[in-house]
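*Asks:* Now for the letters of each chain:
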Amino acid sequence: MAAVSFTVIGLVLAALAGFFGYQAATATPFWLTDVMVLPLAGGLIIMALQDKYARMTKWIAAAFSLPAMLMCIGLALAFRIDGAGGYQFAEHASWTPALGISYSLAVDGIGTAMFLLTGVIIFAGCLASWSVEHRVREFYALLLLLTSGVFGVFAARDLFLFFLFYEVAVLPMYLLIGIWGTGPKEYSAMKLTLYLLLGSAFMLVGFLALYFASGVTPLTFDMDTMLKTAYSPGFQKLFFPFLFLGFGILAGFWPLHTWSPDGHASAPTAVSMLHAGVLMKLGAFGIIRVAVELLPIGAHAWLPYFAVFTIVNITYGALVAMSQTDLKYVIAYSSVSHMGIVVLGICTLTDAGLNGAVFQMFSHGIMTGLFFALVGFTYGRTHTRIIADFGGLGKRMPVLATFFTIGGLASLGLPGLSGFVAEFMVFLGAWRFNPVLAVIAAAGIVFTAAYVLRVLQRCFWGPLNPHFADITDANRVEILCLTILAACLILFGMYPRPLVSLINSGVVGVLARVGGGG
Amino acid sequence: MGFPAVDLSVFRVEAILLAGIGAGFLADLIRPRNWRSPAGWLLLAGAVAALVAAFAWPVPNASLWDGVFVVDGLARYFKILFLSALVIVTLASLRDMRDQSWAGEYYLCLGSSTTGMLLLSGANELVSLFVALELTSLSLYVMAALRRGEPKSQEAGLKYLLVGAFSTALFLFGASFVYAIGGSTALRDLAVAGPLHASEPLFLVGLVFMLAAVGFKVAAVPFHMWAPDVYEGGPTPMVAFASVASKAAGFVIMIRLLLGPFRVLQEDWTLLVSVMAAGTLLVGSFLAIPQTNIKRLLAYSSIAQAGYLLVGFVPGTPRGVSAVLLFLAIYVFTNLGAFISVIVVSRSAGSDEIAAFAGLSRRSPLVALVMMLSLLSLAGIPPLGGFVGKVYLFAAAMEFPSRFLWLVVLAVLLSIVSLYYYLLVIRRMYIEEPTTTAPIEPGFTAGLALLLCVLGILALGLAPRYLLDLAMGVAQGWQ
Chain A
1 MAAVSFTVIG LVLAALAGFF GYQAATATPF WLTDVMVLPL AGGLIIMALQ DKYARMTKWI
61 AAAFSLPAML MCIGLALAFR IDGAGGYQFA EHASWTPALG ISYSLAVDGI GTAMFLLTGV
121 IIFAGCLASW SVEHRVREFY ALLLLLTSGV FGVFAARDLF LFFLFYEVAV LPMYLLIGIW
181 GTGPKEYSAM KLTLYLLLGS AFMLVGFLAL YFASGVTPLT FDMDTMLKTA YSPGFQKLFF
241 PFLFLGFGIL AGFWPLHTWS PDGHASAPTA VSMLHAGVLM KLGAFGIIRV AVELLPIGAH
301 AWLPYFAVFT IVNITYGALV AMSQTDLKYV IAYSSVSHMG IVVLGICTLT DAGLNGAVFQ
361 MFSHGIMTGL FFALVGFTYG RTHTRIIADF GGLGKRMPVL ATFFTIGGLA SLGLPGLSGF
421 VAEFMVFLGA WRFNPVLAVI AAAGIVFTAA YVLRVLQRCF WGPLNPHFAD ITDANRVEIL
481 CLTILAACLI LFGMYPRPLV SLINSGVVGV LARVGGGG
Chain B
519 MGFPAVDLSV FRVEAILLAG IGAGFLADLI RPRNWRSPAG WLLLAGAVAA LVAAFAWPVP
579 NASLWDGVFV VDGLARYFKI LFLSALVIVT LASLRDMRDQ SWAGEYYLCL GSSTTGMLLL
639 SGANELVSLF VALELTSLSL YVMAALRRGE PKSQEAGLKY LLVGAFSTAL FLFGASFVYA
699 IGGSTALRDL AVAGPLHASE PLFLVGLVFM LAAVGFKVAA VPFHMWAPDV YEGGPTPMVA
759 FASVASKAAG FVIMIRLLLG PFRVLQEDWT LLVSVMAAGT LLVGSFLAIP QTNIKRLLAY
819 SSIAQAGYLL VGFVPGTPRG VSAVLLFLAI YVFTNLGAFI SVIVVSRSAG SDEIAAFAGL
879 SRRSPLVALV MMLSLLSLAG IPPLGGFVGK VYLFAAAMEF PSRFLWLVVL AVLLSIVSLY
939 YYLLVIRRMY IEEPTTTAPI EPGFTAGLAL LLCVLGILAL GLAPRYLLDL AMGVAQGWQ
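For the record, the sequence lines run as chains A and B.
Here the first sequence is numbered in this note's numbering, starting from 1 and rising by one per residue.
Here the second sequence is numbered in this note's numbering, starting from 519 and rising by one per residue.
The set of hints was computed from the structure by calculation and includes no laboratory data.
Reference listing, derived: stretches of chain A covered by chain B, where coverage requires no fewer than 3 residues with Cβ under 8 Å from a Cβ of chain B:
1) 96-109
2) 172-183
3) 190-201
4) 204-212
Ranges of calculated distance between the beta carbons of each label pair, as one might list FRET restraints:
5) A:His134 x B:Asp786: 58 to 64 Å
6) B:Glu871 x A:His134: 24 to 30 Å
7) B:Glu871 x A:Ser232: 52 to 58 Å
8) B:Lys670 x A:Ser232: 56 to 62 Å
9) B:Leu544 x A:Ser5: 42 to 48 Å
10) A:Phe6 x B:Pro957: 20 to 26 Å
11) B:Arg549 x A:Phe6: 39 to 45 Å
12) B:Phe962 x A:Ser232: 57 to 63 Å
13) B:Trp583 x A:Phe235: 49 to 55 Å
None of these values were measured; they are calculated from a predicted model.
Just so it is clear, CB atoms sit at the ideal spot from N, CA and C, and this is done for glycine as well.
Starting from the given sequences, assemble the full structure and let the hints guide the process.
*Replies:* Quick look at the structure:
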């Protein structure tokens with residue numbers, strides 16, 4: 001077996017070296033593929049690792065996810081906002097020409113922001129899983145495989161490819177939650193997987209309809225070609241709900257959100273971070289990229305109705321979060337509420353609303369990553385997540401308490417943290433769209449403040465529960481993980497302009513296609 | 519009167535396989551009693567040689583005896599498909615059959631069934647079609663009952679025989695009507711005569727009977743009842759073979775008949791086939807859920823897969839035919855991957871219960887991985903072969919959303935249901951703890967078969983273009 005193991009690892013490394021060497025030699029960098037390939041290669045190496053080297057796993061995972069994160073930052077810096085904006089870093093290769101399927105990748109401002117988010121979350125997620133001991137190789141291999149799928153979705157410019165990556169991003173969740181989860185993990189894993197693949201089933205029907213209705217010869221799954229196609233109004237109105245609801249399930253759209261609290265609460269820490277932080281954004285991203293952009297007439301016809309549902313998302317999510325006794329469920333329901341803000345922003349089809357929605361995708365991704373990491377670290381020490389059991393933990397773990405406070409304040413939209421920028425823009429867009437909805441949605445924020453402050457007060461402040469008299473504070477790996485995430489919240493809260501202009505360069509393109517604005 | 523001289527070299531693929539079967543049969547008869555039967559290895563050699571010949575020395579287009587047998591793209595495609603299935607199944611059988619007293623009979627029947635299928639893929643006339651079909655089926659009936667002393671196997675053989683005989687009668691009955699109306703048994707002549715008799719009710723009766731007979735072969739609802747019992751009782755390698763090859767054989771007949779003589783009745787059979795597809799999908803997807811026996815589960819799963827195939831077949835377009843061809847090829851690797859994993863596991867566990875898979879990922883990571891990939895491919899998860907196949911089948915039907923949108927929506931929704939029961943098996947293998955930690959070794963030949971299946975699943979998922987181009991060429995050239 002040793003020979004097989006070394007052969008596989010050697011082959012992966014050689015392929016990687018050859019791939020990067022080729023790009024260096026021909027001076028044609030495939031940035032997006034590179035970012036996508038890194039986690040996959042790391043995952044393959046980890047899978048091929050022999051059992052006796054299992055403790056190297058997390059270092060290998062970090063060694064592959066750190067460069068992925070750095071490359072994502074590099075992408076965001078290298079993205080040219082001035083001038084056209086539009087799609088950059090394009091790659092194109094023929095794949096199955098007979099069906100019009102090509103391997104074509106490119107990102108605009110929105111995609112770049114999502115790459116940045118994913119890069120940060122996956123590296124932080126690897127750090128947050130440092131204490132995983134049980135079947136550690138399979139854990140990291142699946143985690144990294146999933147990350148490659150996520151990168152692929154954010155970059156795909158071909159609907160077939162998009163769908164392929166989407167499923168690769170979703171399916172490993174079943175095992176990740178089922179094996180390493182807590183509580184009713186098998187139930188949650190099954191529920192999450194079936195719900196999300198139900199969504200993808202609707203998407204598939206929509207994709208095939210788009211494919212045939214485009215009327216170009218030869219038929220193609222290429223999204224740029226579809227963007228130039230004017231689908232008939234009747235067609236758009238018929239198929240928009242397929243796409244919107246298909247993606248909406250993943251975005252936690254009420255009333256199809258019920259997989260999310262169960263799934264996120266049962267999942268292991270890094271998986272909750274990745275799922276609530278990044279995967280739910282795949283849903284919102286798909287709504288913008290596919291449903292709204294390709295079917296603008298359908299969007300104008302349906303979105304005003306869907307906007308009403310998002311109000312339920314925001315207020316109901318917050319209210320239910322308020323009544324939870326399990327800390328992780330509070331965070332999980334807060335995701336439902338915050339994702340409602342994202343979808344509301346999209347539904348307004350205004351400049352401010354869309355910008356705010358994408359900014360909220362980024363901000364909430366980081367914030368919820370921070371929260372789930374904190375809950376995981378706390379649970380690792382206290383072995384309980386019941387809020388009533390906590391009390392005064394801040395006295396024993398001031399670092400964790402501080403980070404929790406930062407996350408909480410970002411969550412309730414305190415100015416100076418990134419959540420404020422995002423929510424402000426969304427509500428601005430919503431006001432122009434429909435003042436009544438805007439007022440109700442903004443009122444939902446009050447509930448958010450209530451549950452965040454309640455949790456903070458119950459868990460971290462107040463008299464110390466003597467049961468936890470000798471628990472320890474965060475270790476260095478955990479502090480590194482939390483610092484990266486909190487730094488993003490503060491940086492883009494204090495100085496949102498670079499991110500806003502990055503996102504806006506993409507939103508401009510969407511609005512030019514969809515019409516609307518204001 | 520005599521037949522015109524015929525260049526018999528067009529039967530070279532069949533001849534090579536027959537040489538392997540014959541050698542195995544003779545060697546089995548004359549071997550010393552304490553030797554193991556060499557029939558398996560000889561059959562394998564014949565099958566590999568025939569497969570190589572089919573690739574390297576393809577038979578040019580030909581039509582024998584006024585179109586009784588033809589060699590066309592469709593025939594060549596299916597011959598390769600049947601031979602691939604035979605090679606993989608034989609490889610997987612070698613270890614399992616080593617100590618069975620009936621190994622000789624098993625390989626003989628396996629070979630003769632494949633020979634029937636090879637003839638079937640070129641049969642273009644009702645009588646030759648019928649004879650080839652019977653050769654295929656009778657061998658399978660015998661194989662199902664080979665586990666002497668096992669009541670379940672006897673039951674399987676008997677049930678298979680009775681249901682098969684019934685479907686044979688239906689086929690003959692239908693064929694007699696068609697012959698009476700069309701005045702010929704050659705499909706080529708019938709295709710010409712068909713439009714003249716499109717309004718004859720008896721022509722339609724012939725269609726319905728023959729469609730029902732084919733429905734038995736592919737285990738489509740409402741002609742599916744035999745499948746779970748036969749799958750449960752029959753020797754697993756035989757079940758593996760029947761599940762892919764017999765299904766493919768059914769679709770050859772379907773393509774030749776429905777898109778040939780019955781093309782004029784397309785309006786009628788579209789309705790019949792789409793209702794059959796919907797029923798097949800519903801039954802296959804939902805009845806699999808409560809199963810506790812892995813072979814019964816795979817039986818219902820293969821019923822559901824027949825439903826997906828019917829969805830692609832329904833429009834009757836070249837796109838639909840090529841989708842069916844592509845999916846059947848992918849299905850060979852996918853379903854055999856699952857069945858061979860079952861062979862390996864039940865050999866060491868001595869049980870076909872799904873519970874025997876508990877903790878398989880600890881006992882044999884490779885077998886568990888193959889089983890998981892096969893099941894996910896069956897569920898249509900990318901980047902595996904089954905995904906490409908399924909999407910293309912749905913695409914064929916979505917070309918006409920106004921007519922078949924309901925069917926595609928039903929099919930994608932039910933594929934979520936089927937994912938549920940596949941995940942239940944994956945849960946056993948990966949999430950549950952094993953009851954014993956004794957490792958499971960597939961052995962060399964079965965391991966090789968598993969490897970071939972995985973390579974097929976991955977290659978057809980990642981690079982489907984070559985097979986796709988081939989299937990499209992066949993479908994277009996045949997029309």
